[in-house]
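Colleague: Here's the letter readout for the chains.
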Amino acid sequence: MLKNLRRRVSGTTIAMWIIGFILLVVVIVGVVRTLMIGKYTGADWTDLFVYGISQGSVYALIALGYTMVYGILRMINFAHGDIFMAGAFFGYFTAIVFEKNGFFDSPTVDGKLVLALVVVTLVAAAGAAGLAILLERIAYRPLRRAPRLVPLITAIGASFFLEYSFLGLFGSGIKGFPEIDALKGRVSIFGVEILKTQVVVIVASFVMLIALWLFVQRSKMGKAIQAVSEDKDAAALMGINVDRSIMITFLVGGALAGAAGVLYALLFRQVYFFMGFFPGLKAFTAAVLGGIGNIAGAMVGGLFLGIAESLFPNLVLDGLGIPAPYQLKDALAFLLLVLVLIFRPTGILGERLATKKA
Amino acid sequence: MKRTSPFSWMTPVTTGLIGGVVALFLCLVGIVEASLGRYVITGIVTMGQVFVLAVYAIFAMQAAQKAAPGQDEKPAPFRTLASGAISGLMISVVLAIFVLLGQQIDLRAVFIHATPVLYDLLTFGLGVPQGIFVLLGFGILMGVLFGAMALLPSALRRSLGAGLIAVPLVAVIYSSLFSGRGLSAFQALAVFVVVGLALFLWGRYQQPVRARANALPARQQRSMRLGLWVVAILFVLALPALGTYPSEVLVITGIFVLMGLGLNIVVGYAGLLDLGYVAFFAIGAYVMAILTSPEITWFPFSGNFWIALPFAVLAATLAGVILGIPVLNMRGDYLAIVTLGFGEIIRLVALSDWLKPLIGGSNGITQIPKPVVFGFSFDNPQKLYYIVVIGCVIAAFIATRLKYSRLGRNWMAIREDEDVAQAMGIDLVRNKLMAFATGAALSGLAGALFATKLTSIYPHSFNLLVSINVLAVIIVGGLGSIPGVIIGAVALVGLPELLREFAEYRLLVYGAVLVFMMLKRPEGLLPEARRKLELHELSPDVAE
Amino acid sequence: MPPLLNARDVTKRFGGLTAVNKLNVEIEENAIHSIIGPNGAGKTTFFNCVTGFYRHEEGTVLFKGEPLDGMQPDRITREGIGRTYQNIRLFQNMTVIENVMVGYQSHLHSGWIGAVFHTRGQRDEEKRAVEEARKMLAFVGLAGRGDWMSKNLPYGDQRRLEIGRALATKPDLLLLDEPAAGMNPSETVDLMEFIKRLRSELGITVLLIEHHMQVVMSISDKVTVMDFGEKIAEGTPQEVQNNPMVIEAYLGKGATEYGTVGSH
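Chains as they are written, first to last, in the numbering used here: chain R, 79 to 436; chain U, 0 to 543; chain H, 129 to 392.
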């Protein structure tokens, strides 16, 4: 009996159980101690939570691009975070024009402001989508039948090429996204004081997420993309244009990332060449968390990661007596990625993909 | 009957337009402007101009070659030259449009490198409109000139090309190592002629020479090979004579060779894409620092370089095993991302205030001593170089031995087809772990050397870009190929070190190189060779 | 004497589809046993269950009386089961002889230290490995091709190499997945002779998936017929050929009837 068990359970599995258990204990101890110390008030937690949702909704938008491309090409588009960065840049340059012409000066939300923001977002989305299509055409399409690591290395190369091209073209300095007077301060929603920019970001994200959901589920093109994701050859036999479906996937993913770039810039008011790196990795984490290839999963995963990243440093690390926990928030996000890939590669809603065998 | 293949005059137009966009990109991204200060031929041509010229050359030749008829077809010199000219003109047209646009609106508000210097360069200092006409004429001229190369026999073309590439290359090395100036016109011509001629003669007489050498008796062949080895070793040993600064570049290059050899085992042999390779480099460096720096007081033990070295390697190896166990049964692309995550976690933790009392946080650790042997201190790069070379030799030795062993074959089987490898009875995790740990050990060794070289280390020296740098090195050289690692490190680490003004564009180039290599030459510059085991047989394709 | 391989009620499902349903197969030692059946009958799935690449949900596979269930594929290979693939899967960028040596690797023991320091044991072992691999190449008719890149071999030779590589693991039971696929008639005759030699010269038991009826009927001791994941007949080639169920399955007359069986 014991011999049988040893055959089934390898040493690594046991080691992983132990690691997992220790981590769980550490997290619980941290949380309990933080709550007992009571350093933060309820309002602090609410702030962090809302902040997490706004950040998470941006992650969700980026994560969709990862998940859709993964679904259709089985490839991690490492450069997707940089498409997001490019969108922020396009949005920034457009916003500067509007700012100079006084579109952002009004103290209240008016038609001019809404128009300006919509145009900024559209330009960013279009530019980012164009870049994504270009990337697919030049760098990925010729490698569609290559071994798996080849397109991944290409994508990593493309990512750095884009980052440092933007550095060269537009400079290394951090560009301050124009401040919008009408979006300063807070509003009260259901008795909770929320920053106005956060409201804008959350609402805009949810509108786009719903639009995407409808596109994929209802439109003919969306169904074609789903079919190609299922089985490229069969889809081609059914008369679906595979190249076109893949292109549309990059277009949609790129547009969402571009729009996310603008929302992110609204939220943090910073635009610079390396800004896509961490959000990109986190969005990938979100996509994995929700089950890569799964569109609803990416949305859920994005929100979850945003909230976790916002709450966890204070909630867990403070209690463990670690100074300046916010410094480790990126490390925590990566740790979450590593843990998910190790313990639950299927993600919350996904099919099992990380290890290839059942 | 001779016939001509289908040809469209649109081809050179599009080729030229793409070339124009590339040239414009190089200008706007700042590469051209940054290298205007470096003369290739003193007083005449700068590196910046060479970059623009290179675009003309590459695209005009491509356009001309596309227009050139096949071997069994009627020659079409006019069509070939005209295609070159059209593409050259198109490049100039794109640049001219940019200049004219720049006169109307302030492009600098968006593109920081759209400076007057750039406009000046593109209009040959003549301003608008005279400069524009000169630019267009120049394009046609370049197009015809480089288009004409397509008409030459291929051996001649290759020699000419090599001569042309050699001039700026030699100039860069010469100016940064010795003179600070470029070549004189005469020197440039000499380099061009010598390299061109050498390549031409080599191409022509290579086979007879090889045949002669192979016809020699076995003993003479052996002593000839030995002689070549001795020359190569003497060359490597003599390099520090170039001076302090060149030696510093050599040390950095050597450290990347060391890391490249290690990562080559992981990625090249076993096919495991490890993007967190810098983590082991960091661990090696930090262990070296903690064990030797007098700044560290909490650690009860403080030793010299030689005592710390094995611990640095051991710690990195151990870290490789510990990180490897949970991740190595993951699928390839997930493994890449997880290792990347690990690398970043280590850097972020080292940077945080949490471990600041132990490893200095963002202040790093300083005062790391140099190695000393019997009172002889390796206190300058010229001396340190030899330690790095010894490290590289050991690493290359280990890598070669492992490659041609049971373990090496198992790794390659895993790389080729994991499922089948497992069906051959190969324990995947165990074998992968060996590769991962060996790679980590070599990275730790490189990190330890890096720490002594710099005498101080900071967390930001250990970011993801180091991993990408090493990856680019081994991919350019050829995955799995040991000489390839050296070529890759020289091209991607040594050369950019010399081109200081270029530092900002290193990662841009790496990115482009990774994409380009994967698309056009995934096997690298010096592809991996397989050793013959069934020696006596005739085989058509071993050196695949 | 107990059978060499004994599959009891093996069941493998993919989502709602039952690819192998309560399959019972016994393979006697020293037999040449064939599994036939229409495409999608679950033959290759059964191979994958035996070799550990799939985990069957129910049932058990006994090899030499010991259960294999839940074992990793590499372990199962070391227990003595070798296999080939329906679509040839060689290590394409390795030489022919290296492919065979990889198969031989679990009978070598040198590790990292031996490889780096070229210990005496390691050197002897390598020499032996090359020798053995050469012999294996000669046995499968690839002598002289050892230093070729395996992807450059002609198709028929790739099949031979794949079998040679599997034989190098020194299996007691060899699973061949459609070895005659894509072969011309004379190559097929050679293959039949070759499979017989496996038994007579190496004493290996062979389990064969094959569509080529001439091969199956002339060399098999026993034939198992599968359809929709179930065993529908078993016996000597004669018995199977005359079985009305088999004829039906192949002519498709009763396809709908079996369809209902496969769907639950």
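Think of the hints as simulated: they come from the structure by calculation, not from any bench. Yeah, the Cβ is synthetic: ideal placement off N, Cα and C, and Gly gets one too. Incorrect hints may appear among the rest.
To be verified - Quick list of the computed label-pair ranges, beta carbon to beta carbon:
1. 215/U <-> 256/H: 30 to 40 angstroms
2. 318/H <-> 319/R: 43 to 53 angstroms
3. 318/H <-> 101/R: 37 to 47 angstroms
4. 101/R <-> 341/H: 54 to 64 angstroms
5. 375/U <-> 217/H: 35 to 45 angstroms
6. 240/U <-> 402/R: 46 to 56 angstroms
Stated by the list, open to error - Not everything, but these chain U residues come out facing chain R in the computed CB check (under 7 angstroms):
7. 28
8. 106
9. 111
10. 272
11. 331
12. 332
13. 340
14. 497
15. 501
16. 502
17. 506
18. 507
19. 509
20. 510
21. 511
22. 513
Colleague: Give a verdict on every hint.
Modeller: Hints and how they fare:
1. 215/U <-> 256/H: 30 to 40 angstroms: holds (34 angstroms)
2. 318/H <-> 319/R: 43 to 53 angstroms: holds (46 angstroms)
3. 318/H <-> 101/R: 37 to 47 angstroms: Check failed, 59 angstroms falls outside 37 to 47 angstroms.
4. 101/R <-> 341/H: 54 to 64 angstroms: holds (59 angstroms)
5. 375/U <-> 217/H: 35 to 45 angstroms: violated (56 angstroms)
6. 240/U <-> 402/R: 46 to 56 angstroms: holds (50 angstroms)
7. 28: holds (3 angstroms)
8. 106: For residue 106/U, the interface hint is violated, since the closest Cβ of chain R sits about 11 angstroms away, which is over 7 angstroms.
9. 111: With a closest approach of 4 angstroms, the residue 111/U hint holds.
10. 272: holds (5 angstroms)
11. 331: It holds, given that the least Cβ distance between residue 331/U and chain R is near 6 angstroms, below 7 angstroms.
12. 332: Residue 332/U check passes; min Cβ-Cβ to chain R is 5 angstroms, inside 7 angstroms.
13. 340: Holds, about 4 angstroms.
14. 497: With a minimum Cβ separation of about 19 angstroms from chain R (threshold 7 angstroms), the hint on residue 497/U is violated.
15. 501: The hint is violated - residue 501/U has no Cβ within 7 angstroms of chain R, the shortest such distance being about 11 angstroms.
16. 502: The hint is violated - residue 502/U has no Cβ within 7 angstroms of chain R, the shortest such distance being about 11 angstroms.
17. 506: Check passed: Cβ of residue 506/U comes within 5 angstroms of chain R, closer than 7 angstroms.
18. 507: holds (4 angstroms)
19. 509: At 6 angstroms from the nearest chain R Cβ, residue 509/U passes the 7 angstroms test, so the hint holds.
20. 510: Cβ of residue 510/U sits 3 angstroms from chain R, so the hint holds.
21. 511: With Cβ-Cβ at 5 angstroms, under 7 angstroms, it holds.
22. 513: holds (3 angstroms)
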